[in-house]
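Below, each chain spelled out in residue letters.
4 protein chains.
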Amino acid sequence: MELRVYYEDTDLGGIVYHSRYLNFCERARSELFFKRGEKPVWRGYHFIVRHIEATYHLPATLGDLLTVETELKEVRGARLLLYQRVRRGEELLFEMEITLVCLRGDRPARVPDHFLQVLG
Amino acid sequence: MELRVYYEDTDLGGIVYHSRYLNFCERARSELFFKRGEKPVWRGYHFIVRHIEATYHLPATLGDLLTVETELKEVRGARLLLYQRVRRGEELLFEMEITLVCLRGDRPARVPDHFLQVLG
Amino acid sequence: MELRVYYEDTDLGGIVYHSRYLNFCERARSELFFKRGEKPVWRGYHFIVRHIEATYHLPATLGDLLTVETELKEVRGARLLLYQRVRRGEELLFEMEITLVCLRGDRPARVPDHFLQVLG
Amino acid sequence: MELRVYYEDTDLGGIVYHSRYLNFCERARSELFFKRGEKPVWRGYHFIVRHIEATYHLPATLGDLLTVETELKEVRGARLLLYQRVRRGEELLFEMEITLVCLRGDRPARVPDHFLQVLG
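Here the protein sequences line up with chains S, Y, P and L, keeping their order. Just so it is clear: in the first sequence, position 117 is 200 by this note's numbering, and no numbers are missing. Just so it is clear: in the second sequence, position 68 is 151 by this note's numbering, and no numbers are missing. Just so it is clear: in the third sequence, position 12 is 95 by this note's numbering, and no numbers are missing. Just so it is clear: in the fourth sequence, position 51 is 134 by this note's numbering, and no numbers are missing.
Heads up, a few of these hints could be off.
Stated by the list, open to error - For lysine to aspartate or glutamate, the following DMTMM-like pairs were computed, each having C-alpha atoms within a straight-line distance of at most 20 Å:
(1) K118/L <-> D147/Y
(2) K122/L <-> E136/Y
(3) K122/L <-> D147/Y
(4) K118/S <-> E85/P
(5) K156/P <-> E136/Y
(6) K118/P <-> E85/S
(7) K118/L <-> E85/Y
(8) K156/S <-> E136/L
(9) K122/L <-> E152/L
(10) K122/S <-> E154/P
To be clear, the hints were calculated from the coordinates, so they are not data collected in a lab. The structure displayed is predicted, hence computed values, not measured ones.
The following block holds chain S by itself, in its conformation from the complex:
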């Protein structure tokens, strides 16, 4: 998934505000659903974030064209572990491991195959 850095993403330090990379990664996860005409909400199933471990390598700045890559690492019951990476061309700017928990309503629920096919 490609995205552009706009004014709203930057702060007065002249670079992208640190929490925006989490937004970029969430857009990439959701886009996996949208591009198939689906949504990351299905029959009451949805995801919440449980844990993030993120490393910032290089800053992005206004007008940069970024690529976000998403890789499914592990599924265990209601938990998904994903690896995501933000690049600018060949340069690695940001990477994280994110653990999501699948809920149905308020309760953890085994990740449905429907979701696994999309995230696949």
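On the provided structure of chain S, position chains Y, P and L as indicated by the hints.
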């Protein structure tokens, strides 16, 4: 209502990103409810924004302490007209007139007295 | 310019938070520069927002694909008047007139031809 | 530091969008400076984020009053390790360890005592 300007509010121009003033004004409207222990959602009634006319006078910057003032100008059926102003001390930074429409579910509904008391 | 509505753009009302449309419009203005390999900052010239008059017609929601159109209406000295519109297919969701002021450093400056070619 | 959850912080899931907790924590770090009449930028020294390890325990929602606590864990050369926690009353909602790097201009620089006094 007082609020502080943080990094997230600024952009690489070094000043507050223009749409953030709308957020600041929305916080001030919601805070009128929160400080009474209420919410701007009540028995299915809530507001949506219909129209904004806003003027930017002076920019705010990191660390500024801003004051947001809200004045109810007019109520007509489902519509509310508010005047809001953002100041830094005596300086006027931003002002707007905002028209809200009260909905119950999906349909316009006369603004309940419950809301008028709060905004009043 | 096309853009997608993501989680970050929505609020608990289930629709796009009102100030985000201003961000969408700013992205569209900046993208006019980026797609030519330029930036909306040039030799110290840049824009600030002076005035906005905006009307909200219909709400956008998660996963919507939106189109933003930008039309230059008037140039007078340091001032630009633009009309911008956000559509979802044929539906008009949002429209605004926005007045920008061109600054060089801190002072209003006649909009350089370089900028007019891009916005034109 | 106390802060309120507003509409802009929530998404259509009805809870606070996950990256906003990073913003809340950044506000708390910056507020340590602002409340002394200082800024987290001083003689060219400033911080960037290098690493985050964050755990989400419980979601916050509209109108919640949150408390953010910040504890300096370790200083080593240009690096600072902080522990931050977001609570709602007695409930722990979010916690993270964040590693910041102090830069002077573009280069890592030993954290000045001036900053340590504030964060200390």
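How the hints compare with the structure:
A hinted pair counts as satisfied when its Cα atoms are at most 20 Å apart, and K118/L with D147/Y qualifies at roughly 11 Å. A C-alpha spacing of about 33 Å is found between K122/L and E136/Y, which places the hinted pair above 20 Å, so the restraint is violated. Between the alpha carbons of K122/L and D147/Y the distance comes to roughly 10 Å, so the proposed pair stays at or under 20 Å and holds. Simply put, K118/S and E85/P have alpha-carbon atoms about 14 Å apart, close enough for the 20 Å limit, and the pair holds.
Distance hint between K156/P and E136/Y is fulfilled; the C-alpha atoms sit about 18 Å from each other, no more than 20 Å. About 14 Å separates the Cα atoms of K118/P and E85/S, which keeps this hinted pair within 20 Å; it holds. Of the supplied pair hints, the one linking K118/L and E85/Y holds, its CA atoms being roughly 14 Å apart against a limit of 20 Å. Under the criterion of a C-alpha separation no larger than 20 Å, the hint pairing K156/S with E136/L is consistent with the structure, at around 18 Å.
Taking the CA atoms of K122/L and E152/L, the gap is about 19 Å. The hint holds against a cut of 20 Å. Proximity of K122/S to E154/P is assessed by CA-CA distance (about 33 Å); at most 20 Å being required, the pair is judged violated.
Hint compliance for this structure: hints 2 and 10 are not met, and every other hint is.
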